[in-house]
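All chains should be modelled from the sequences, with the hints used to inform the complete structure.
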Amino acid sequence: MTAFLRRHARRVLRHPALTFRPEKGSPAAAAAGSKPLISGALTPGALLPQALFLRGLAHRPWTLRARAPQTVAAALLLATLPSACLAAASGSPTSPSATRTTTSALVGQRALYDLSLAESGGNTLSASGNMTYVVRDTCSAWSTQQHLDIQSATRNGGAVNMVSDYTTLESKDGRHLVFRTVQKSNNAVLQVVSGEASIDALGHGVVEYEKPIKKTLKLPTGTLFPMAHTAAILAAAQRGAPSIAPLLFDGTGPDGAQETYITLLGWGPLKDPAPSPALAGQPAGRVHVAFFGRTPDSILPDYEIGMRYFANGVSDMLDMDFGDFRMRGTLHSLTLPPRAARC
47 MTAFLRRHAR RVLRHPALTF RPEKGSPAAA AAGSKPLISG ALTPGALLPQ ALFLRGLAHR
107 PWTLRARAPQ TVAAALLLAT LPSACLAAAS GSPTSPSATR TTTSALVGQR ALYDLSLAES
167 GGNTLSASGN MTYVVRDTCS AWSTQQHLDI QSATRNGGAV NMVSDYTTLE SKDGRHLVFR
227 TVQKSNNAVL QVVSGEASID ALGHGVVEYE KPIKKTLKLP TGTLFPMAHT AAILAAAQRG
287 APSIAPLLFD GTGPDGAQET YITLLGWGPL KDPAPSPALA GQPAGRVHVA FFGRTPDSIL
347 PDYEIGMRYF ANGVSDMLDM DFGDFRMRGT LHSLTLPPRA ARC
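For any residue, its number in our numbering is found by taking its place in the sequence shown, counting from 1, and adding 46.
One should not assume that every hint holds.
[Claimed, not checked] DSBU-like, lysine-lysine: derived pairs with alpha carbons at most 35 Å apart:
id, residue 1, residue 2
1, K257, K230
2, K261, K230
3, K260, K230
4, K264, K317
Hints were generated in silico from the structure; no laboratory data involved.
Keep in mind the model is a prediction, meaning the values are calculated, not measured.
Listed below in structure tokens is the structure:
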């Protein structure tokens, strides 16, 4: 569940983002070592699901610190949008064979999430909505569609209806991505981002934007597309890595690749009943993702997200903090289509 939400909400909601620092003696602090929680270490940023989701983690202690405005849309997308790959995590260029290996465990899915107001201590009177996330296995590529609909009301601004649609087609070798993001507020189009991106055999990439304006940007070596990014998270969790830091390009904004820092906690068999029969027997773990801009002054994250990931790429237990209110995402329904018999 990932970044177009960020872009969308920034234009609609103005709530302080939250940045976390692990307390001394916590597992997070141990994983980070003596380094400060910035891009090189354990750094949660300021997106949405931050505070509350992390507060609910078994390995808790995080300290909140107010930061830049956040975005409702961004956090929610990131919570379901796949993220991470072994090649990037190790700092080596993305290779087709490595990507094919890491994406083999991913499955097609249709997941519906209910979004509800969990806590409000400020200007927000109400907030609710839903999100649909669909992944289709087309043999040679992954097709994804995400639809987000949030209704909120504030003491000062009245009612706001935010709608975001995000679609991609990503080749399974991790080398090509077609993307389109449309963000609306009260039926008015705020922004459209669309185009294509490609990565060559050496890991060098380029993105050609069609909208909002036509332009071409280079992608740094090691950049991952969304499904490859997710596959990397899962692969790192399964091999017991405490964290990885791959670059991500998902096509949700016009500024190219982002740096991400992913913290992995508690991977293993579920102790509680699975949230859906389709997830029974699947190992799972907590995932926290911090997103950074690629500028010299980007020491603190732009935003962050947390969720529980299952080994097949499905996520649940979303918890998003928007500063003066908090939203929770729960998995309402999940359908896993059968794998294609022939491709």
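Comparing the hints with the structure gives:
Distance restraint check for K257 and K230: the Cα-Cα separation of roughly 15 Å lies within the 35 Å cut-off, and the hinted pair is therefore satisfied. Between the alpha carbons of K261 and K230 the distance comes to roughly 23 Å, so the proposed pair stays at or under 35 Å and holds. Annotation: proposed proximity of K260 to K230 holds, straight-line Cα distance about 21 Å (limit 35 Å). With a C-alpha separation of about 44 Å, the suggested pairing of K264 with K317 is violated against the 35 Å cut-off.
When the structure is compared with the earlier hints, a violation turns up for hint 4 alone.
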